[in-house]
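Quick note, in the numbering used here, the sequence shown goes up one by one and the last residue is 268.
These are computed hints drawn from the structure, not numbers from a lab.
Just to be clear, a hint being listed does not mean it is correct.
[Unchecked claim] Listed below are the simulated DSS-like cross-link pairs for lysine-lysine, each with C-alpha atoms no more than 27 Å apart in a straight line:
#1 Lys79 <-> Lys24
#2 Lys181 <-> Lys171
#3 Lys181 <-> Lys206
#4 Lys24 <-> Lys14
#5 Lys193 <-> Lys181
#6 Lys206 <-> Lys180
#7 Lys80 <-> Lys44
#8 Lys193 <-> Lys206
#9 Lys193 <-> Lys171
#10 Lys14 <-> Lys79
#11 Lys180 <-> Lys193
#12 Lys14 <-> Lys78
#13 Lys78 <-> Lys180
#14 Lys24 <-> Lys80
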Amino acid sequence: RPLCAALGIYMSRKPSHEYHERIKALDSLVRECISVSREFAGIKSPTGAHYYASVLFTSLCSRGVTLAIMAPYSPWAKKKIEHWDYASMAGVTRSILEVRLAFYYLCAEPVGTDEWYCRWNIFNLHDCASRIHLFSEMPDSEDQVEGFEGQADELRERLLGNPYFLSLPEKTQRHMLQGKKAYLFPLEEIGVKAGVDIHTFRWLYKLLSSQVHGLPMSFYRMEELNRGRGIHSESEERFTSLCLSFAISLLAAARDEMRNIFTGATNA
1 RPLCAALGIY MSRKPSHEYH ERIKALDSLV RECISVSREF AGIKSPTGAH
51 YYASVLFTSL CSRGVTLAIM APYSPWAKKK IEHWDYASMA GVTRSILEVR
101 LAFYYLCAEP VGTDEWYCRW NIFNLHDCAS RIHLFSEMPD SEDQVEGFEG
151 QADELRERLL GNPYFLSLPE KTQRHMLQGK KAYLFPLEEI GVKAGVDIHT
201 FRWLYKLLSS QVHGLPMSFY RMEELNRGRG IHSESEERFT SLCLSFAISL
251 LAAARDEMRN IFTGATNA
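Start from the sequences and build out the full structure, keeping to the hints where you can.
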């Protein structure tokens, strides 16, 4: 029989006690992260790592709020109905994971000065190459593309003058100079260093990514699992809880690292 959206036939089945405990945990943690962010606001960043820590941690706080607003039975939003949509929450959770990895890679992991500038300029080159790719598809954007291409050339010169970059294998150097990669290492390796078990990282990243795109895995088995219609079900609650738990672990780790980064700056 045909499936239908459930807005007009909403059922008020309540989630489990365990789910409500996760909501409380996310609520408390997001508020604490915002408090930490405000605590260190206005401090002059002594290094680039400190500056980007403030940028990326702010982004994590913002996405944490978004996740809290989306979650059913959250105190962060008043709703006409409690809408269950773990597929959308999966996309936000994946973005929290990716920003968390950037935070650790560029700000929290202790590395030498040359390596930090190498990582940063690879980020810059990737950003520049991405903008070239984007603006090349837009009409009347030749001047912007030309400007970004000039910046990309300057960034390549910076990298070729960086001792750490020059210590990398020539194949890696050539690959990085194309600007197609933002990171020196695979995300799963960065995830392990940031405290995410490699097997957990692999399967969760695949699971979360499968919901971002409208490919078969995102909509097959809707009827069997009773999901994707906006109403509560065991599968919707289970996957929503998984998103919440994973996001909580990522935000908590970044919160602790943010304190360590800026406590040293305030005591300097």
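(request) With a cut-off of 27 Å on the C-alpha distance, tell me whether Lys80 and Lys44 pass. (result) Violated - the C-alpha atoms of Lys44 and Lys80 are around 44 Å apart, more than 27 Å.
*asked:* Between the alpha carbons of Lys180 and Lys193, is the straight-line distance 27 Å or under?
replied: Answer holds: Lys180 to Lys193 is near 23 Å, not above 27 Å.
With the threshold set at 27 Å, check whether the alpha-carbon distance from Lys193 to Lys171 stays at or below it. Holds, at about 24 Å.
- Query: Do the alpha carbons of Lys24 and Lys14 lie within 27 Å of each other, as the hint requires?
  - Reply: It holds: about 16 Å lies between the C-alpha atoms, which stays within 27 Å.
**Asked** Can the restraint linking Lys193 and Lys181 be considered satisfied, given a maximum Cα separation of 27 Å?
**Response** holds (19 Å)
_Hinted pair, alpha-carbon criterion (27 Å max): Lys181, Lys206. Please report holds or violated._
holds (19 Å)
| Given the hint that Lys14 pairs with Lys79, does the C-alpha gap stay at or below 27 Å? | Status holds; Cα separation ~15 Å.
* **27 Å limit on alpha-carbon distance, applied to hinted pair Lys193 and Lys206** => Satisfied, since the Cα-Cα distance of roughly 19 Å is no more than 27 Å.
*Are the Cα atoms of Lys181 and Lys171 separated by 27 Å or less?*
Distance ~13 Å between Lys181 and Lys171 Cα, so the pair holds.
Does the alpha-carbon distance linking Lys78 and Lys180 stay inside the 27 Å limit?
violated (42 Å)
Q.
Can you confirm whether the C-alpha distance between Lys24 and Lys80 stays at or below 27 Å?
A. At roughly 20 Å apart (the allowed maximum being 27 Å), Lys80 and Lys24 satisfy the hint.
**Asked** Does the alpha-carbon distance linking Lys206 and Lys180 stay inside the 27 Å limit?
**Response** Distance ~21 Å between Lys206 and Lys180 Cα, so the pair holds.
When the structure is compared with the earlier hints, violations turn up for hints 7 and 13 and for no others.
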